[in-house]
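Peer 1: Start from the sequences, fold in the hints, and give me the full structure.
Everything in the sequence shown is counted per the UniProt record's numbering, starting at 1 for the first residue and increasing by one.
Worth flagging that the hints you see were computed from the coordinates, not collected in a lab. Certain hints may be false.
[Claimed, not checked] With a straight-line Cα cutoff of 25 Å, these simulated DMTMM-like cross-link-like pairs (lysine to aspartate or glutamate) come out:
#1 K127 with D45
#2 K236 with E99
#3 K236 with E96
#4 K231 with D219
#5 K145 with E248
#6 K186 with E173
#7 K69 with D45
#8 K130 with D252
[Stated by the list, open to error] Quick list of simulated restraints, FRET-style, between CB atoms:
#9 M213 with G188: 24 to 34 Å
#10 T177 with I36: 46 to 56 Å
#11 W178 with D45: 40 to 50 Å
Backbone N, C-alpha and C fix where the C-beta goes; we use that ideal spot for every residue, glycine too.
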Amino acid sequence: MGQEVVKMIQSSDNLTLVRGISRSQYGKDVGEVAGIGPIGVTFTDSLDEVLAKDRPDVLVDFTVPDVVKKNMELAIDAGVRPVVGTSGLSEEEIQELQELAKKKGVGAIIAPNFAIGAVLMMVFAAKAAKYMPHVEIIEMHHDQKLDAPSGTAVKTAELIAQEREELKQGHPEEKETWEGARGAYKNGFRVHSVRLPGLVAHQEVLFGGSGQMLTLRHDSLNRESFMPGVKLAVEKVMELDRLVYGLENILDL
1 MGQEVVKMIQ SSDNLTLVRG ISRSQYGKDV GEVAGIGPIG VTFTDSLDEV LAKDRPDVLV
61 DFTVPDVVKK NMELAIDAGV RPVVGTSGLS EEEIQELQEL AKKKGVGAII APNFAIGAVL
121 MMVFAAKAAK YMPHVEIIEM HHDQKLDAPS GTAVKTAELI AQEREELKQG HPEEKETWEG
181 ARGAYKNGFR VHSVRLPGLV AHQEVLFGGS GQMLTLRHDS LNRESFMPGV KLAVEKVMEL
241 DRLVYGLENI LDL
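Peer 2: And the structure:
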């Protein structure tokens with residue numbers, strides 16, 4: 001994702017890359033690592049140093065769940081606006097970050113998915129759940145993903161739960177002979193995670209009704225699919241003075 005962000009920034013007239021942050025690529029030219037040739041911008045291994053010396057407007061973070069919250073706190077404290085695609089933050093952690101952003105008056109965006117089509121799928125799923133409350137989510141990702149369920153599935157489930165009262169689905173005497181066979185439980189419905197090589201990011205939301213099925217599906221076939229959403233978030237975060245959770249909140253829907 002970092003490589004695709006670099007390519008997107010370099011192809012944009014209104015964005016300028018000032019620094020890359022990576023321990024493993026320290027000192028290397030960011031463009032060479034991204035596969036587009038040297039661009040005269042190098043990697044450092046210190047976020048504190050970048051925030052203090054380079055003074056960026058926006059920090060784009062696609063790291064890992066263990067460090068993303070601290071990265072966001074450092075950025076917000078420094079008056080730098082984080083745009084985050086790393087998933088795995090808990091509801092409590094997001095609330096804490098929202099309070100910090102509000103206190104500092106600094107814009108921030110956390111997006112479980114930057115693909116516009118995936119955001120539309122989530123919004124449409126929430127609308128459908130009003131009329132077809134029997135639902136299950138199946139999300140499928142590459143086998144190097146660290147969190148399950150995915151941020152997209154979590155956000156989809158949260159949106160559905162806002163529009164649908166809790167409904168216990170399935171047979172009341174249903175039993176799992178293998179633990180976890182029915183997936184994770186959320187407000188009466190189930191969420192299933194698949195991890196396999198060859199996948200990128202895919203999700204189906206299945207709705208069942210009397211004599212009918214509705215399937216909403218989104219497929220990201222490569223990471224370039226996320227870049228229009230990242231660019232939009234980088235631009236829109238400059239207009240915010242609070243933390244926004246979900247790309248749907250900055251789209252005209």
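Peer 1: Return the numbers of the hints above that this structure violates; sort them in rising order.
Peer 2: 1, 9
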